[in-house]
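Asker: Read off the chains here:
Protein chains: 2
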Amino acid sequence: MQRRILIALGGNAMTGPDGGASVVAQQAAVTEAMKSVAVVVDAGHEVVLTHGNGPQVGNLLVKNELAAHVVPPVPLDWCVAQTQATIGFTIQNALDSALHERGCGRRTATVVTRTAVDPDDPGFTLPTKPIGRYLPADQARLLIELGQIWQDRGARGWRRVVASPEPLRVLDLEPVRALVAEGYVVVAAGGGGIPVVPDGAGWRGVEAVVDKDLTAALLARDLATDTLVIATDVDHVMVGFGTPEQAAITRTTPARLRDLAAEFGSGSMRPKVEAAARFVEAGGRQAIITSLRHIADAVAGTFGTIVTAADD
Amino acid sequence: MQRRILIALGGNAMTGPDGGASVVAQQAAVTEAMKSVAVVVDAGHEVVLTHGNGPQVGNLLVKNELAAHVVPPVPLDWCVAQTQATIGFTIQNALDSALHERGCGRRTATVVTRTAVDPDDPGFTLPTKPIGRYLPADQARLLIELGQIWQDRGARGWRRVVASPEPLRVLDLEPVRALVAEGYVVVAAGGGGIPVVPDGAGWRGVEAVVDKDLTAALLARDLATDTLVIATDVDHVMVGFGTPEQAAITRTTPARLRDLAAEFGSGSMRPKVEAAARFVEAGGRQAIITSLRHIADAVAGTFGTIVTAADD
Numbered sequence: 001m002q003r004r005i006l007i008a009l010g011g012n013a014m015t016g017p018d019g020g021a022s023v024v025a026q027q028a029a030v031t032e033a034m035k036s037v038a039v040v041v042d043a044g045h046e047v048v049l050t051h052g053n054g055p056q057v058g059n060l061l062v063k064n065e066l067a068a069h070v071v072p073p074v075p076l077d078w079c080v081a082q083t084q085a086t087i088g089f090t091i092q093n094a095l096d097s098a099l100h101e102r103g104c105g106r107r108t109a110t111v112v113t114r115t116a117v118d119p120d121d122p123g124f125t126l127p128t129k130p131i132g133r134y135l136p137a138d139q140a141r142l143l144i145e146l147g148q149i150w151q152d153r154g155a156r157g158w159r160r161v162v163a164s165p166e167p168l169r170v171l172d173l174e175p176v177r178a179l180v181a182e183g184y185v186v187v188a189a190g191g192g193g194i195p196v197v198p199d200g201a202g203w204r205g206v207e208a209v210v211d212k213d214l215t216a217a218l219l220a221r222d223l224a225t226d227t228l229v230i231a232t233d234v235d236h237v238m239v240g241f242g243t244p245e246q247a248a249i250t251r252t253t254p255a256r257l258r259d260l261a262a263e264f265g266s267g268s269m270r271p272k273v274e275a276a277a278r279f280v281e282a283g284g285r286q287a288i289i290t291s292l293r294h295i296a297d298a299v300a301g302t303f304g305t306i307v308t309a310a311d312d
Numbered sequence: 313m314q315r316r317i318l319i320a321l322g323g324n325a326m327t328g329p330d331g332g333a334s335v336v337a338q339q340a341a342v343t344e345a346m347k348s349v350a351v352v353v354d355a356g357h358e359v360v361l362t363h364g365n366g367p368q369v370g371n372l373l374v375k376n377e378l379a380a381h382v383v384p385p386v387p388l389d390w391c392v393a394q395t396q397a398t399i400g401f402t403i404q405n406a407l408d409s410a411l412h413e414r415g416c417g418r419r420t421a422t423v424v425t426r427t428a429v430d431p432d433d434p435g436f437t438l439p440t441k442p443i444g445r446y447l448p449a450d451q452a453r454l455l456i457e458l459g460q461i462w463q464d465r466g467a468r469g470w471r472r473v474v475a476s477p478e479p480l481r482v483l484d485l486e487p488v489r490a491l492v493a494e495g496y497v498v499v500a501a502g503g504g505g506i507p508v509v510p511d512g513a514g515w516r517g518v519e520a521v522v523d524k525d526l527t528a529a530l531l532a533r534d535l536a537t538d539t540l541v542i543a544t545d546v547d548h549v550m551v552g553f554g555t556p557e558q559a560a561i562t563r564t565t566p567a568r569l570r571d572l573a574a575e576f577g578s579g580s581m582r583p584k585v586e587a588a589a590r591f592v593e594a595g596g597r598q599a600i601i602t603s604l605r606h607i608a609d610a611v612a613g614t615f616g617t618i619v620t621a622a623d624d
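First to last, the protein sequences are chains A and B.
Sequential numbering from 1 applies to the first sequence in this note's numbering.
Sequential numbering from 313 applies to the second sequence in this note's numbering.
Keep in mind the hints are simulated off the structure, nothing from the lab.
Among the clues, some could well be false.
[Unchecked claim] Only pairs whose alpha carbons sit at most 20 Å apart, straight line, appear in this in silico DMTMM-like list of lysine to aspartate or glutamate:
1. B/K441 <-> B/E519
2. A/K35 <-> B/D511
3. B/K347 <-> A/D199
4. A/K129 <-> A/D152
5. B/K441 <-> B/E486
Whenever a hint applies, use it, and build me the whole structure from the sequences.
Answerer: As C-alpha cells, this is what we get:
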C-alpha cells in the first residue's frame with residue numbers, strides 16, 4: 001500500500017560520528033542515510049524529508065564571528081536558509097544516486113521553506129536554546145556587547161542561547177504539496193524552517209531557530225501524512241535508561257508518552273517525543289521514533305517506538 | 313496576453329549601490345527590485361526569477377578563509393547553494409509583500425537548483441573567472457599553498473580565479489516547470505546553479521561558478537519561455553560607449569549582437585549578450601537587456617535592447 005511518509009532526519013544523518021560537520025563528514029553521513037531512505041522510496045511511498053542543522057549552523061556562527069571585522073555577519077534566519085540549501089542538494093545528490101542504483105526512477109527536489117512564528121513567543125524574551133560553540137567568558141562578553149545572549153555553562157565555558165519559538169505554520173507548504181503530488185521526493189523545512197514573522201503585507205526573518213521535529217509534526221499534519229518517522233541515533237525511546245529496569249518502548253500512545261516526557265528533561269529526546277505525540281493527537285495514523293538504519297522496518301511497522309492513538 | 317517570462321536579476325537587484333552585500337543592503341535592493349517584478353506578475357504572466365550572487369559568494373569566501381583554523385571551509389558549490397537559499401527567501405519575502413500590496417494572490421517558491429557541467433570543461437584546467445576579494449601577495453600565497461589559483465592583478469593585489477564552466481543542463485528543471493504550471497512565481501538556478509558533474513550513478517558538486525546569464529538562457533529555453541529579460545544596471549546595450557558616436561541599441565538580432573560582442577571584452581556585458589543571442593537562436597521569441605526599473609516596459613516591448621531572430 002502506497003502511503004505518504006515524512007522522515008525527519010536527526011543530526012547523525014548528516015554529521016560525522018564525532019558530530020563533525022566538515023563537508024566530507026556530512027557527505028558520508030548523508031550517503032549512508034540515503035541508502036535507508038531509498039528503500040522506502042523504492043517501495044512506492046510518497047516521501048518528504050526534513051532534517052536538523054545544529055552543527056552546521058554552529059559552523060556558520062563561528063564564521064560570522066571570526067570574519068565580522070571584514071564581512072557583515074548574517075542573522076540566524078540566514079544561517080538556517082544556508083543549511084537548507086547545502087544539506088538539501090547534498091541529500092539530493094546522494095538520494096538520486098541511491099535511487100538510480102536501485103533502478104528507481106523517482107526524482108528529488110529541495111524547496112526553501114519558511115516557518116511562521118509568533119513575534120510575541122516567550123522565547124524571544126527568555127531565550128533557552130543553546131547553539132554554537134562554547135567560548136571563554138572574555139570572548140563571550142564581546143558578543144554580549146553586540147546584543148547576543150550568552151550563558152555561563154560551567155566548566156565548558158559560555159554558550160549562546162537563542163529563541164526557539166513554536167512553529168505556527170509552514171509558509172511554503174503548498175509548493176511542497178504540489179511537488180509530492182507530482183511524484184517528487186521533497187526535501188523541505190530543513191532546520192525547522194527559516195523563522196519569519198509578519199511584517200506589513202508580508203514576512204521578515206527573525207533571529208531564532210525552530211525545533212525541526214516540532215516543524216516536522218506540523219508539516220506531516222498539514223500534508224495529511226500517514227506516518228511520521230523521527231530518525232535519530234537510538235533504536236527506541238527507552239524508559240529507565242541506565243537503570244536495571246531499562247526497557248525499550250515499542251508501542252505507546254500520546255498520553256502515555258507525555259507521562260514519560262518529564263523523564264527526558266530538556267534533552268534532545270524531549271522534542272521528538274512531543275512531535276510524535278502532537279502528530280498523532282492531530283489525527284496522524286502513527287509516529288515512529290527509531291534509528292536511521294531501521295527507517296524501512298519502522299515504515300513496515302516492525303521496529304521502533306510506534307506511537308498511535310490507541311494501542312491495538 | 314499571458315506569457316512565460318524568465319527574469320535574470322543582476323547584482324544591482326540584490327546589493328547596495330556600492331556593491332555592498334550586508335543583509336540590510338541586500339534586503340533594500342531586493343525590496344526595490346521586487347516592486348518592478350510584481351508589476352509583471354500582476355499583469356498575469358508566468359514568471360521565473362533567477363539571480364546573480366557574486367558579492368554574496370565573495371563574502372562567504374572571506375568567512376571560509378578567516379575561520380579556516382576553527383571550522384572546515386566549504387567548497388564553491390556549497391557557497392553557491394548557500395546564496396540560493398538566502399537570496400531566494402529574501403526575494404520571496406519581498407515579492408510576497410509587493411504582490412499582497414497590489415492585491416495579487418500569486419504565490420512564490422524557491423527551488424534549490426543544480427546545474428550539470430562537463431568535468432572536462434577547459435575552465436577546470438585554465439580557470440579564468442575572478443571571484444572574491446583582492447589580497448596582498450603574501451596572503452594569496454597561503455591560499456595558493458592550499459591548492460587555490462590566484463593571479464597578480466596589479467595595484468589592487470592578487471585575486472582568486474576559478475572555473476566558470478559552460479552550463480550543460482539544469483538538473484532540477486522539472487520541479488521548476490511543475491511549480492510554474494501550478495501558478496507559482498519560482499526562484500531558481502540562482503548564481504547559475506550549483507555546479508555538479510556526473511559521479512557514479514549520480515552527481516557531485518565541483519569547485520566552480522556557472523555564469524548566471526548563460527544558465528538563464530538554458531533555463532528559459534527548456535521552460536519554453538517566451539521572453540528572457542536580463543535585468544542589469546543599464547537601460548540598453550550601448551555601441552561606442554564613451555565615444556561621441558555612443559548609441560543605444562534598441563532592436564537587434566543575435567548575429568548583429570555577436571558582431572558587437574568583441575567590443576564588450578570580457579566584461580560583465582559579454583555573457584549577457586551571449587545569453588540573449590543563445591536564447592533567441594534556440595527559438596526563444598525575444599531576449600531583452602535593460603535596467604531593473606524598466607522590466608515591465610521591457611516585457612511590454614517598449615524599452616530596452618530587444619533581441620529577436622529578425623527585426624520586424
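Asker: Compare the structure with each hint and give your call.
Answerer: Consistency of the hints with the structure:
Between B/K441 and B/E519, the direct Cα distance comes to roughly 12 Å. Compliance with the 20 Å bound is thereby established for this hinted pair. The suggested pairing of A/K35 with B/D511 holds, with an alpha-carbon distance near 16 Å, which does not exceed 20 Å. Taking the CA atoms of B/K347 and A/D199, the gap is about 16 Å. The hint holds against a cut of 20 Å. A distance of roughly 14 Å separates the Cα atoms of A/K129 and A/D152; the hinted pair therefore holds under the 20 Å criterion.
Annotation: proposed proximity of B/K441 to B/E486 is violated, straight-line Cα distance about 29 Å (limit 20 Å).
Of the hints listed earlier, the one the structure fails to meet is number 5.
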